[in-house]
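J.: All chains should be built: construct the whole structure from the sequences, respecting the hints.
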Amino acid sequence: MGYNHYILVCGGTGCESGKGDEIYRNLISEAEKQGVKDKVQIVKTGCFGFCEKGPIVKVLPEDSFYTEVKPADAAEIIAEQIIKGREVTRLLYDKGAKKGKLAVEDIQFYQKQLRIVLRNCGVINPDNIDEYIARDGYAALEKVLFEMKPEDVISELKIAGLRGRGGAGFPTWLKWDISRKEKNEVKYVVCNADEGDPGAYMDRSTVEGDPHSIIEAMIICGRVIGAPYGYVYIRAEYPLAIERLRVALQQARDYGLLGKNILNSGFDFDVEIRLGAGAFVCGEETALLQSLEGKRGMPVPKPPFPAIQGLWGKPTVINNVETLANIPVILTKGSAWFASIGTETSKGTKVFALTGKVNNSGLVEVPMGTTLREIIFDIGGGIKGGKKFKGAQTGGPSGGILPESVLDTPIDYESLTRLGSMMGSGGLIVMDEDDCVVDVSRFYMEFCVDESCGKCAPCRIGTHQIHSILDKIAHGNGEMADLDKLHDIGKAMTKASLCMLGGSAANPSISTIKNFREEYIEHIVDKKCRAGKCKHLVRFEIDTEKCIGCGICARKCPVPCIAGEKRQPHVIDQLKCIKCGECFKACKFGAVLKK
Amino acid sequence: MAKMTLEELRKLRDGKKTELRKRDSDGKSIQVIVGMGTCGIAAGAKNTLDAFIAALDEKKLVNDVLVRQTGCMGLCYAEPTVEVLVPGMPTVIYGKVDVAVVKEIVEKHLIGRQLLDNHIQDRPAADIVAK
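So the sequence lines, in the order shown, correspond to chains A and B.
My numbering puts the first residue of the first sequence at 1, with every later residue one more than the last.
My numbering puts the first residue of the second sequence at 1, with every later residue one more than the last.
Be aware that a few hints might be false.
What the hints assert, rightly or not - So the derived label-pair ranges between C-beta atoms look like this: (1) A:Arg-555 x B:Asp-98: 28 to 34 angstroms; (2) B:Gly-15 x A:Lys-37: 54 to 60 angstroms; (3) A:Gly-581 x B:Asp-64: 36 to 42 angstroms; (4) B:Gly-88 x A:Lys-302: 45 to 51 angstroms; (5) A:Ile-273 x B:Leu-61: 35 to 41 angstroms; (6) A:Gly-259 x B:Lys-103: 45 to 51 angstroms; (7) A:Arg-86 x B:Glu-8: 28 to 34 angstroms.
Claimed, not checked - Simulated pairs of lysine-lysine, DSSO-like, Cα-Cα distance not exceeding 30 angstroms: (8) B:Lys-96 x A:Lys-39; (9) A:Lys-527 x A:Lys-485; (10) A:Lys-260 x B:Lys-11; (11) A:Lys-533 x A:Lys-576; (12) A:Lys-384 x A:Lys-53; (13) B:Lys-11 x A:Lys-149; (14) A:Lys-70 x B:Lys-96; (15) B:Lys-103 x A:Lys-149; (16) B:Lys-59 x A:Lys-149; (17) B:Lys-60 x A:Lys-39; (18) A:Lys-585 x A:Lys-387; (19) A:Lys-527 x A:Lys-546; (20) A:Lys-19 x B:Lys-59; (21) B:Lys-103 x A:Lys-39; (22) A:Lys-556 x A:Lys-384; (23) A:Lys-39 x B:Lys-3.
As the list claims (entries may be wrong) - Selected chain B positions facing chain A (Cβ under 7 angstroms, derived; list incomplete): (24) Leu-12; (25) Met-73; (26) Asp-117.
Treat the hints as calculated values from the structure; they're not laboratory data.
Where is the CB? At the ideal position from N, CA and C, for every residue including glycine.
T.: Now the structure itself:
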């Protein structure tokens with residue numbers, strides 16, 4: 001037995017609401033009616049990530065991708081494609097494209113994702129160097145060792161326009177070139193894998209899924225700047241990534257791709273792993289280098305920049321995992337190809353860890369210039385439970401929260417900065433109407449209070465002051481003057497802090513005051529939290545008209561503070577209530593009111 | 001393997017490339033690839049892997065099916081994810097593969113040559129290196 005065709009019908013929430021289920025049933029009954037029940041299997045699938053053009057139907061093995069399909073189209077799909085073997089052209093998404101030629105260069109790819117950094121993640125076995133090599137692994141290294149001069153590599157990177165993916169977006173070629181020109185026998189290459197933003201896991205997944213791409217890029221960097229040694233600074237909380245990296249390093253050494261006289265080129269390079277103890281500030285390059293030297297992880301003033309005077313005072317190129325993972329592909333596929341992807345100022349792709357109140361959370365890689373709306377609503381499949389979108393948080397504790405009105409801005413380094421946020425490392429947390437901006441800002445500030453190293457006053461004192469003002473507002477004791485105070489303290493921190501931890505710590509608060517000012521005013525003037533997150537501003541009451549006295553709220557109450565006879569309206573004891581909201585969630589009759 | 005020269009590396013790459021292609025097209029072997037990133041493991045990918053090995057043992061398919069592992073493919077909401085390659089059938093990715101689904105995959109997909117309903121996910125993006 002066996003089928004000739006397979007029809008996949010999207011069963012994601014978006015397509016389901018667009019009559020996906022009816023299409024599915026129609027296809028089955030049509031297949032039966034037209035007598036091809038044994039030739040084709042019809043299955044429902046998870047979300048295809050293109051909800052905007054749903055419902056989606058895909059036919060295999062032709063890979064025909066049909067969009068905006070209607071239940072009435074089922075008969076035609078069966079009659080034309082399954083019986084006569086002709087695609088239903090009018091339903092095809094990309095009507096012009098030739099079959100089987102959904103090319104890489106075609107960024108208009110329906111799924112909107114393009115995997116450069118994550119090219120091997122989820123494809124190869126990370127513990128097997130042969131699989132990496134089979135996918136053009138170490139081919140860039142060959143080029144760099146035997147065909148290209150260091151200057152050629154630099155100019156390739158310059159044309160490609162690759163910028164640092166750790167957050168600030170400094171041109172990678174320039175960093176390398178500065179170190180290369182330094183006259184020093186000892187130089188270092190450092191890979192920053194100290195990913196500390198809450199909710200971000202791009203670098204972890206890259207190291208776990210494709211460790212050799214990082215190793216290859218580090219060897220290339222070593223060759224270009226003339227460094228014989230490299231370090232990967234990775235957090236100890238990533239045991240699997242560390243293990244995979246260890247295995248990969250050993251395999252590379254066994255193959256002679258690391259160590260003395262690599263591939264008989266006369267070039268020596270080796271890499272060592274250093275574990276970080278999980279301090280957020282150690283993601284800042286100067287603090288990271290201090291930590292690598294065995295000192296307490298605290299930033300030092302720049303200049304001198306690490307590229308000139310870094311680890312143990314030697315010229316050091318320090319690049320983030322994602323930046324490095326781009327380099328081998330740029331050199332094998334060419335800088336012109338890379339430069340053709342992205343926007344005017346930001347080239348290539350960016351990986352985001354999409355999390356929060358979104359249906360399809362996951363690791364997403366999109367060309368620069370993709371809009372937040374595409375990421376959240378197409379790739380992410382929209383907001384969980386059909387709730388209303390409130391904001392998108394980019395860049396973790398250093399970024400801002402962006403409102404609905406800017407969702408259509410193409411994202412790159414400049415546009416995000418302009419909007420008062422930043423690219424950051426790539427955390428992207430989606431918030432819905434149940435999230436409170438004051439509460440979220442307070443959460444991030446609390447994180448910064450904990451993680452501030454305390455070396456400089458603006459950050460040490462500023463984070464604490466902002467946190468206590470936010471706390472005051474959340475407790476219902478805020479004054480209007482607090483908003484200006486938050487703004488002023490934030491601006492002072494941005495200007496005067498030693499490193500970017502303090503320099504960007506106020507971003508979540510400043511951006512929310514700007515973008516969601518009315519919610520702050522509600523907290524301060526009306527003493528209300530519309531999301532119900534600020535417990536001191538919420539009150540749960542039972543509507544005696546609606547309550548039927550089923551008692552489920554009293555059973556769910558953890559205190560307990562709800563009393564009442566069976567079949568009689570219940571009452572909440574406000575003095576005892578801890579405002580957990582369990583009664584509100586439990587009531588099936590809408591009798592518990594959140595005020 | 002001993003340290004390689006440039007020629008040996010190139011030879012190895014070409015050799016492995018053909019091998020990978022072979023596995024894909026004329027394929028005698030069935031492959032099951034389990035996503036073993038932190039997200040997958042947190043969602044129970046280790047149990048999934050064990051369940052595959054046990055189920056293949058039970059059905060005496062151990063010699064016909066190659067079970068491999070890989071990293072995160074980006075569908076973290078649907079972990080554990082498993083890619084199934086059966087010659088003559090389209091390659092599909094299954095999401096939320098727990099022990100019960102493993103049994104279904106082995107019985108229906110590997111033996112019965114049918115796709116499973118409600119578990120298929122799409123690969124999230126074009127693969128740029130293969131082409």
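J.: Work down the list of hints and note, for each, if the structure agrees.
T.: Structure-based check of each hint:
1. A:Arg-555 x B:Asp-98: 28 to 34 angstroms: 31 angstroms, holds
2. B:Gly-15 x A:Lys-37: 54 to 60 angstroms: Between B:Gly-15 and A:Lys-37, where Cβ atoms are some 44 angstroms apart, the hint is violated.
3. A:Gly-581 x B:Asp-64: 36 to 42 angstroms: Given a distance of about 53 angstroms, which is not inside 36 to 42 angstroms, the answer is violated.
4. B:Gly-88 x A:Lys-302: 45 to 51 angstroms: 60 angstroms, violated
5. A:Ile-273 x B:Leu-61: 35 to 41 angstroms: 39 angstroms, holds
6. A:Gly-259 x B:Lys-103: 45 to 51 angstroms: With a Cβ separation near 47 angstroms, A:Gly-259 and B:Lys-103 satisfy 45 to 51 angstroms, so the hint holds.
7. A:Arg-86 x B:Glu-8: 28 to 34 angstroms: 49 angstroms, violated
8. B:Lys-96 x A:Lys-39: Roughly 28 angstroms between the alpha carbons, so the hint for B:Lys-96 and A:Lys-39 holds.
9. A:Lys-527 x A:Lys-485: At roughly 19 angstroms apart (the allowed maximum being 30 angstroms), A:Lys-485 and A:Lys-527 satisfy the hint.
10. A:Lys-260 x B:Lys-11: Given pair A:Lys-260, B:Lys-11 holds - Cα atoms ~21 angstroms apart, limit 30 angstroms.
11. A:Lys-533 x A:Lys-576: Holds - the C-alpha atoms of A:Lys-576 and A:Lys-533 are around 18 angstroms apart, at most 30 angstroms.
12. A:Lys-384 x A:Lys-53: At roughly 19 angstroms apart (the allowed maximum being 30 angstroms), A:Lys-53 and A:Lys-384 satisfy the hint.
13. B:Lys-11 x A:Lys-149: 24 angstroms, holds
14. A:Lys-70 x B:Lys-96: 28 angstroms, holds
15. B:Lys-103 x A:Lys-149: Given pair B:Lys-103, A:Lys-149 is violated - Cα atoms ~55 angstroms apart, limit 30 angstroms.
16. B:Lys-59 x A:Lys-149: Distance of about 57 angstroms is beyond 30 angstroms: violated.
17. B:Lys-60 x A:Lys-39: Holds - the C-alpha atoms of A:Lys-39 and B:Lys-60 are around 28 angstroms apart, at most 30 angstroms.
18. A:Lys-585 x A:Lys-387: 15 angstroms, holds
19. A:Lys-527 x A:Lys-546: Holds, at about 26 angstroms.
20. A:Lys-19 x B:Lys-59: Status violated; Cα separation ~39 angstroms.
21. B:Lys-103 x A:Lys-39: With a Cα-Cα distance of about 24 angstroms, the restraint between B:Lys-103 and A:Lys-39 holds, given a limit of 30 angstroms.
22. A:Lys-556 x A:Lys-384: Answer holds: A:Lys-556 to A:Lys-384 is near 24 angstroms, not above 30 angstroms.
23. A:Lys-39 x B:Lys-3: 52 angstroms, violated
24. Leu-12: 6 angstroms, holds
25. Met-73: Nearest chain A Cβ about 3 angstroms off; hint holds.
26. Asp-117: Holds: closest Cβ of chain A sits about 5 angstroms from B:Asp-117, inside 7 angstroms.
The structure is inconsistent with the numbered hints 2, 3, 4, 7, 15, 16, 20 and 23, although it conforms to all the rest.
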